[in-house]
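Chains as they are written, first to last, in the numbering used here: chain A, 1 to 333; chain B, 1 to 333; chain C, 1 to 333; chain D, 1 to 333.
Check before you lean on any hint, since a few could be wrong.
Since copy identity is lost for identical chains, a pair holds within one copy or between any two.
[As the list claims (entries may be wrong)] Okay, derived cross-link-like pairs now, SDA-like style, lysine to any residue, Cα gap no bigger than 20 Å in a straight line:
no. : residue 1 : residue 2
1   : Lys327    : Ala225
2   : Lys22     : Asp319
3   : Lys118    : Ile50
4   : Lys327    : Arg14
5   : Lys118    : Glu54
6   : Lys131    : Leu52
7   : Lys6      : Glu330
8   : Lys131    : Lys327
9   : Lys70     : Arg133
Source of the hints: derived by calculation from the structure; they are not laboratory data.
Note that this is a predicted model, so its numbers are computed, not measured.
4 protein chains.
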Amino acid sequence: MIAVLKQGTSIEQRNSLCDWFKSMGLEVHISEGKYHTVIGLIGDTSKVDIELLEGLSIVESVKRISDPFKNANRKFHTNDSVVDVCGNKIGGGNFQMIAGPCSVESYEQIITIAHRVKAAGATMLRGGAFKPRTSPYDFQGLHDQGIKMLLEAKKETGLPIVTEIMNANDLPLFEEVDVIQVGARNMQNFDLLKELGHTDKVILLKRGLANNLKELLMSAEYIMAGGNENVILCERGIRTFETYTRNTLDLAAVAMLHQLTHLPVVVDPSHATGVAQLVEPMAMAAAAAGADGIMIEVHNDPAHALCDGPQSLTPDQFDRVAARVMKIREAMK
Amino acid sequence: MIAVLKQGTSIEQRNSLCDWFKSMGLEVHISEGKYHTVIGLIGDTSKVDIELLEGLSIVESVKRISDPFKNANRKFHTNDSVVDVCGNKIGGGNFQMIAGPCSVESYEQIITIAHRVKAAGATMLRGGAFKPRTSPYDFQGLHDQGIKMLLEAKKETGLPIVTEIMNANDLPLFEEVDVIQVGARNMQNFDLLKELGHTDKVILLKRGLANNLKELLMSAEYIMAGGNENVILCERGIRTFETYTRNTLDLAAVAMLHQLTHLPVVVDPSHATGVAQLVEPMAMAAAAAGADGIMIEVHNDPAHALCDGPQSLTPDQFDRVAARVMKIREAMK
Amino acid sequence: MIAVLKQGTSIEQRNSLCDWFKSMGLEVHISEGKYHTVIGLIGDTSKVDIELLEGLSIVESVKRISDPFKNANRKFHTNDSVVDVCGNKIGGGNFQMIAGPCSVESYEQIITIAHRVKAAGATMLRGGAFKPRTSPYDFQGLHDQGIKMLLEAKKETGLPIVTEIMNANDLPLFEEVDVIQVGARNMQNFDLLKELGHTDKVILLKRGLANNLKELLMSAEYIMAGGNENVILCERGIRTFETYTRNTLDLAAVAMLHQLTHLPVVVDPSHATGVAQLVEPMAMAAAAAGADGIMIEVHNDPAHALCDGPQSLTPDQFDRVAARVMKIREAMK
Amino acid sequence: MIAVLKQGTSIEQRNSLCDWFKSMGLEVHISEGKYHTVIGLIGDTSKVDIELLEGLSIVESVKRISDPFKNANRKFHTNDSVVDVCGNKIGGGNFQMIAGPCSVESYEQIITIAHRVKAAGATMLRGGAFKPRTSPYDFQGLHDQGIKMLLEAKKETGLPIVTEIMNANDLPLFEEVDVIQVGARNMQNFDLLKELGHTDKVILLKRGLANNLKELLMSAEYIMAGGNENVILCERGIRTFETYTRNTLDLAAVAMLHQLTHLPVVVDPSHATGVAQLVEPMAMAAAAAGADGIMIEVHNDPAHALCDGPQSLTPDQFDRVAARVMKIREAMK
């Protein structure tokens with residue numbers, strides 16, 4: 001860690017600061033420039049609160065040289081982590097396709113879709129039972145009934161299931177769930193993350209709409225610090241000024257995360273774009289960018305054939321996407 | 001609500017869609033253009049799921065004409081709401097200053113600061129007992145002990161207290177707290193909002209880092225839909241590309257919110273800028289923009305005089321800010 | 001075009017507005033709701049200044065239903081445009097690789113790199129002679145000497161050349177240049193765009209850092225309105241809050257642009273990410289997203305082997321990228 | 001300047017890099033950590049190309065300690081610059097109000113508005129003769145005729161005039177113009193900035209929609225490096241995800257710029273918000289934030305009374321804003 005002191009800092013102030021650093025067991029190197037003094041700190045700087053340091057009246061700026069995340073850091077764990085979901089491996093060269101409807105709506109719906117996406121090559125089934133909705137007046141999900149339906153679909157098809165949690169108090173309902181999803185809005189719900197760190201469930205952690213990669217990794221760290229290393233990261237678009245797409249899918253994040261961490265990274269092109277026609281090209285691009293998996297919304301509702309959800313694919317469309325993604329995967333070998 | 005249909009939509013598809021709208025009790029107006037058909041919907045469109053509609057394969061775009069928030073909407077409640085905190089009124093021309101440390105650290109600290117900020121004109125005391133921190137390795141607050149210290153400070157000074165909640169399970173600890181703060185990261189923790197809607201506490205709802213004003217108002221709506229109308233909104237900066245300040249304080253949001261809603265709006269210039277020297281000008285600007293209150297971090301730590309927190313003011317600095325803000329308020333009458 | 005009037009608009013004001021629309025030759029449809037009146041306009045609304053209309057005191061909001069771009073619009077020109085650069089076709093299924101150094105530095109440098117990238121499969125040579133730099137103290141390019149060196153490299157290798165213009169006054173120097181690049185910072189330098197519209201050169205138009213797709217297409221429209229239809233669009237990253245990468249590459253823009261316009265779209269992963277290790281995965285992802293070409297920085301400087309530019313690949317690295325991109329292209333057939 | 005080397009950098013590579021720094025006349029300090037080596041550079045680092053350095057394969061990150069701007073830097077010029085416009089001083093405690101229409105439309109229009117805004121307290125007249133418009137089909141301004149009308153208005157009222165330049169070739173038309181405005185879209189039109197640096201005109205430099213404060217100051221540096229120190233900076237909103245306002249007015253930038261530079265800073269609340277009702281509160285907030293002036297759009301068109309431009313005030317509204325801003329200025333003394 002490096003701290004640059006402001007012009008006009010007195011020797012006493014500087015020494016007082018250095019003594020404080022030394023009291024934390026850090027080695028201190030001082031280098032005097034014409035306009036600035038630079039203090040280099042060597043040792044375990046993870047205990048230094050960078051915001052506190054930046055706030056010192058004599059400090060101009062601070063730069064952390066080592067990353068603040070430990071368990072998730074590739075530097076200390078160079079091999080890819082491989083997460084196992086009922087025998088389906090993800091990470092370390094293993095690729096999985098997760099598909100299913102935004103919300104579980106009925107037993108028939110989820111069974112029908114489960115069979116279709118399995119036939120197309122999906123290896124996990126997604127479906128929301130607890131739905132975070134911007135408006136209190138929108139449909140909020142079937143809750144425990146939705147989870148029961150997912151478990152039925154798992155029994156019928158053998159597909160492990162992925163579903164979102166919004167509240168740690170609901171954890172008992174997730175006992176048989178294979179992958180617990182933490183949604184973008186809860187990426188920094190630290191109390192929820194801590195609770196999940198005390199389980200042994202696989203956690204799919206989605207990046208928040210305005211969160212950078214460091215914050216995503218720090219949230220993974222909350223889970224891992226509790227002892228649960230089964231974390232899969234998920235890029236699903238960030239919020240920008242562009243309005244043609246719902247969010248801006250940040251595929252460079254996939255490649256960057258692979259440098260920063262050993263954890264697997266999947267991509268959700270459905271929520272990222274919010275536009276059904278963009279899901280195919282973005283699923284293919286995600287595979288080409290090195291994603292360890294993709295998660296796609298698929299919906300099949302013959303009774304309301306008009307409505308396929310803003311970004312959902314029909315099962316037929318998904319057949320095509322899955323086949324094309326597999327061809328990209330082949331080409332990358 | 002208006003829906004624009006895509007070129008090439010058949011009469012059957014159009015009629016099927018219109019029948020669906022009519023089944024929801026809506027009046028339907030069709031107007032045919034050369035390239036597009038526009039469907040106008042009149043009636044209670046709050047039940048129409050706009051995302052679902054946008055997802056229809058025949059729909060090009062949808063525009064909601066009425067706002068999706070009801071309880072918070074100024075259109076249906078033209079007078080300013082005035083929220084009362086132990087006799088301190090906020091909103092409708094009433095202005096309050098909230099001040100205190102980022103975290104409660106000790107009994108002595110909080111009492112000292114409480115006396116100082118009260119003397120300078122603050123009418124409420126803030127202090128964090130539960131601290132959302134990006135890193136699991138950073139200080140997380142004194143929890144119930146911190147709340148006890150705040151209540152002691154209230155007993156000593158008479159200042160009502162404001163402190164953040166991170167988990168609805170902690171609500172019993174907040175029984176004597178006057179204002180419960182929902183932090184930026186929890187603005188869309190909908191389960192928490194629902195629980196707060198069932199209390200009669202004053203809720204200070206901070207805008208999320210990447211949330212627009214509509215989403216902020218929808219989150220207020222979650223609280224109000226539960227029956228609790230004591231909501232104060234708080235602008236505290238949004239995330240942008242600019243890095244000289246921690247966030248970008250959006251003061252136009254204050255004036256815009258006053259047009260959209262009757263709820264009071266306060267501004268937190270400390271977290272918004274992250275730079276102590278910017279707190280004074282931004283507090284003054286907030287007052288001039290019509291804010292109903294400001295919330296400022298003040299810290300006093302003689303033992304570590306070097307460290308005043310990245311954005312905290314000393315009590316002496318706060319004296320000056322409070323006096324200058326009051327002069328602005330005078331000038332606005 | 002649809003205009004929603006504010007509550008409380010009088011019949012006289014409404015009629016006065018409608019008369020104004022009629023005087024522009026538009027057909028006017030009025031539909032009265034409980035809280036709002038909606039005016040639908042049919043006909044050629046391209047002359048209606050939307051900003052002016054939004055500013056009317058009686059207008060709540062305006063929605064344009066047809067896009068404001070004409071020449072670039074796929075609706076009026078359904079087939080892909082194919083741009084021909086000395087026999088290298090781009091668009092409509094044709095894919096080209098453009099490679100070369102950020103700046104032309106010397107005759108030897110550009111010749112060496114040209115030979116290497118040609119051998120790897122590049123079909124056009126890029127190199128900057130006029131360099132837009134944030135600082136007036138940074139290297140600004142070799143100007144006319146740089147263009148001469150590029151032309152020499154073209155003579156030696158047969159590769160057509162791509163180089164950036166910053167000032168319409170320099171056009172005479174670009175007479176033999178094959179593709180004139182307009183950089184991100186000049187995407188809305190409308191005087192420059194107009195001048196380029198009067199040439200018959202192929203123009204590579206880069207998206208500005210904070211520009212949405214509509215603005216990019218309107219800038220293309222400036223060139224096309226002058227009679228020059230040889231426009232290639234280029235996605236090169238937008239500015240967001242994420243700092244691990246220089247910009248955020250928006251690959252969904254490629255797929256979205258293919259829906260909105262018939263113009264070819266290329267991707268520049270080098271400038272978009274600013275990180276050499278991310279260029280390969282992003283070049284592959286761009287190809288998989290359906291880009292009509294990629295543009296990559298390649299630099300070879302044996303004298304300063306340490307320095308390969310923040311995002312430049314070595315020729316050896318480019319060999320590998322080119323081969324892998326070609327495999328992705330194969331897989332997409 | 002500090003460079004952090006990657007893990008695994010060899011001694012030879014490190015020494016080679018250090019030799020390169022020494023060849024630039026820099027003093028080099030090496031400090032070895034467990035995981036990283038940090039190189040501190042002391043001396044004139046303005047010649048070190050930071051992007052080049054960041055690109056070195058052995059460099060993990062680089063931090064510039066001194067700012068890259070010199071002429072605009074408050075560190076080397078501690079007193080506020082005061083710019084004089086025909087006797088109206090701006091900066092160093094002097095405050096001016098600039099007002100007028102977005103576009104000059106006719107002789108009568110500009111004269112009428114000039115008289116009205118002068119009566120209300122404005123001390124300079126703004127009006128666009130060259131208009132940068134997103135669409136090639138929108139009104140582009142009256143060009144030389146517009147400038148003539150402005151000069152007539154100046155003759156009649158004595159108000160100095162402010163108008164935008166889009167092309168250095170038009171400079172001869174600006175000979176009698178008092179303040180030349182560089183618009184947001186041209187903030188990094190470096191050729192234009194260089195030309196303006198060779199004049200002795202006062203330049204009003206607007207911040208680009210996606211430009212940070214460092215880039216704004218570097219653009220000022222382009223003008224000042226040419227010898228013209230008469231630069232006024234202008235904050236006019238940045239582009240964010242929020243859509244209720246056209247842009248997000250960044251008032252903390254005003255206070256931050258006052259710390260970074262000695263140049264005066266004015267605020268344009270009209271373009272920043274795009275909403276007439278927000279202009280008054282934002283003008284007042286700008287004054288309270290310490291702005292050295294404000295620039296407001298005022299339009300008076302009796303023939304089209306319906307239309308007051310999306311963000312323009314009527315002269316009557318401006319009277320009120322000007323009076324209230326003056327009260328804020330009074331309160332700040």
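Hint check results:
| no. | hint | verdict |
| --- | --- | --- |
| 1 | Lys327 x Ala225 | neither (38 Å within a copy, 41 Å between copies) |
| 2 | Lys22 x Asp319 | neither (62 Å within a copy, 34 Å between copies) |
| 3 | Lys118 x Ile50 | neither (48 Å within a copy, 30 Å between copies) |
| 4 | Lys327 x Arg14 | neither (61 Å within a copy, 38 Å between copies) |
| 5 | Lys118 x Glu54 | neither (52 Å within a copy, 27 Å between copies) |
| 6 | Lys131 x Leu52 | between (37 Å within a copy, 14 Å between copies) |
| 7 | Lys6 x Glu330 | neither (56 Å within a copy, 33 Å between copies) |
| 8 | Lys131 x Lys327 | neither (33 Å within a copy, 40 Å between copies) |
| 9 | Lys70 x Arg133 | between (34 Å within a copy, 16 Å between copies) |
The structure shown violates the earlier hints numbered 1, 2, 3, 4, 5, 7, 8.
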